[in-house]
Amino acid sequence: MPNAILDPTGTVTNSAAKPAAPRAPRLASLDGKRVGLLINTKQNARPFLDEVGRLLEDRYGVTVTKRTKLNFAVPEPENVIKELVAENDVIITGVGDCGSCSAAATADGVVLEAAGVPVAAIITDSFIPTADAMAALRGAPGYKYATTAHPVAVLTEDKVKERAAQVLDDLVALLVEPATAPNTKDEA
Amino acid sequence: MTAVNTEGAAATAAAPDPDEAQRAIEYCYEQGWSDGLPLVPVSKPLLDAFLATTGKDPDEIIGALEQVGRDVNVRTAAINAAMAGCKPEYFPVVLAAFEALMRERAARGGGFQSTSGPSPLIVVNGPVRKELGFNTAGGAFGPGFRPNATIPRAVGLIVRNAFGIHPHVLEQATQGLPGRWQVCIAENEEESPWEPFAENGGVTGGVSAVSATLTRTMEFVDNRHTPNHEDVLRDIEDTVNRMGSLIFPQTSVALVLCPEHAQMFAAAGLSKADVQNWMINKCGHTGREFKLAGKENVPRKPDGTFATDEEFHRILSAPQQVPVIVAGAKNAAISMVVRIFGEWSGSSVPVGEKK
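Protein sequences appear in the order of chains A and B. Going by the working numbering, the first sequence opens with residue 1, and the numbers climb by one from there. Going by the working numbering, the second sequence opens with residue 1, and the numbers climb by one from there.
Don't read these hints as lab results, they were simulated from the structure. All of these numbers come straight from a predicted model, not from anything done at the bench. Glycine included, C-beta positions come from ideal geometry on N, C-alpha and C. It cannot be assumed that every hint is accurate.
Said to hold, decoys possible - With beta-carbon atoms standing in for the labels, derived distance ranges:
#: 1; chain 1: A; residue 1: 3; chain 2: B; residue 2: 138; range: 56 to 64 Å
#: 2; chain 1: B; residue 1: 247; chain 2: A; residue 2: 166; range: 26 to 34 Å
#: 3; chain 1: B; residue 1: 59; chain 2: A; residue 2: 129; range: 29 to 37 Å
#: 4; chain 1: B; residue 1: 195; chain 2: A; residue 2: 166; range: 56 to 64 Å
#: 5; chain 1: B; residue 1: 179; chain 2: A; residue 2: 151; range: 25 to 33 Å
#: 6; chain 1: B; residue 1: 66; chain 2: A; residue 2: 154; range: 26 to 34 Å
#: 7; chain 1: A; residue 1: 34; chain 2: B; residue 2: 346; range: 41 to 49 Å
#: 8; chain 1: B; residue 1: 296; chain 2: A; residue 2: 63; range: 30 to 38 Å
#: 9; chain 1: B; residue 1: 59; chain 2: A; residue 2: 20; range: 49 to 57 Å
#: 10; chain 1: B; residue 1: 139; chain 2: A; residue 2: 151; range: 36 to 44 Å
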């Protein structure tokens, strides 16, 4: 009997296999709800989410609170997640426009959903594979988020507002029933 | 004694079976374990030889990437080091290099997932350089020498296999850089006029130690005709100053000086600190220069405002942002400016011994 070739991934011994993360129940509507904007500090993320918040205030009379991510590259720590869950009915986060921050946006989304709050994460379309991979790692394969065309960082103020308006229906659809899939990609 | 038969094949009693070896190599490719180059297939006896070189428990966790829910223990690191082509006796250096790298904030954060695609710069000091046969002379950035080539590859394979960071998936490098997972310098202590680099990282007494940081690329400074050391410093300063690499208010650069430049500076009475202070004092741009490159938001001052058109904004402020290493042959005056991703942790890790 020859020796076996050993596996270098260590997946047998570590905690990679996560249980399925539950998705939060959707809201019936956004009317009068508390919307938390989790801004990831990437260039144009703030004006983008500011405009999303302004449009939601106009359209649904929501109350908007804003928070800046501590580190765009990694998911928020547990205490921040708890505060976000306590203070908001829904959360919108973005803009995931890089390798680590797009993955971190979906990771935040999955964790917040499991804690009971619907989330709409915004990712630029260059980072769909990494966002999907992170969601699967976090126990939420097929996790739904909204996309906007890459790049966002180079857009002028007016163009950022246009983008925010364009993605707004997708964000709302992610947060209220019936949940439709705004991703351009297939669910498979 | 090897006999060569009429078909040109080497035939000895103990010659391994090449067809079996090729099947094992292809098996490793098929599992998705490879960085693109062939791997050494690892068996239990080889793993045991690696584990015998360290006093660490095989189950000890030596690093984790919380954001992807993955960690790595000594055993898994050993399998990857063996696959990379390391000899068992290199393993304590791999462990020290990995520990040094995981002290970097950028490595624990999203560095390995980053569009910047950074690569480790590993620096080895002390007697282990000679004991394990590191190249300490010409061709410091490689290739050609087994420990220098396989130890950084081991780190790359750990990131790929144990952390699960694969290109085009969780690894999103836009272009990456030449030499990724390939750079491990053994400092030329014998021809350096200064203290070993590990001492700058807090490991004194000449013991073997490893330092590591993440880098984005490097550029040479070829300056071999002037007798004036200040000319050379100005030339290096010009390369450090490249606008293209500047994305934050502060930057970091390692100066990998060839022995000739280092000795020229030392002969003029300069210490490492003097070289560092030259760069700290001279490197930077005016607000206007940043603006002309569309980077007016880069020179942010501590009070949150930005450098005005006329204001000179320094891009370096502390010696730790300018680590100075001596490497290469004393055969030409060519040094390297290495762009650091984030900031060097400032701490070196002693190479552990078997308990």
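Hint-by-hint comparison with the structure:
| no. | hint | verdict |
| --- | --- | --- |
| 1 | A:3 x B:138: 56 to 64 Å | violated, 39 Å |
| 2 | B:247 x A:166: 26 to 34 Å | holds, 28 Å |
| 3 | B:59 x A:129: 29 to 37 Å | holds, 33 Å |
| 4 | B:195 x A:166: 56 to 64 Å | holds, 59 Å |
| 5 | B:179 x A:151: 25 to 33 Å | holds, 28 Å |
| 6 | B:66 x A:154: 26 to 34 Å | holds, 31 Å |
| 7 | A:34 x B:346: 41 to 49 Å | holds, 44 Å |
| 8 | B:296 x A:63: 30 to 38 Å | holds, 35 Å |
| 9 | B:59 x A:20: 49 to 57 Å | violated, 27 Å |
| 10 | B:139 x A:151: 36 to 44 Å | holds, 39 Å |
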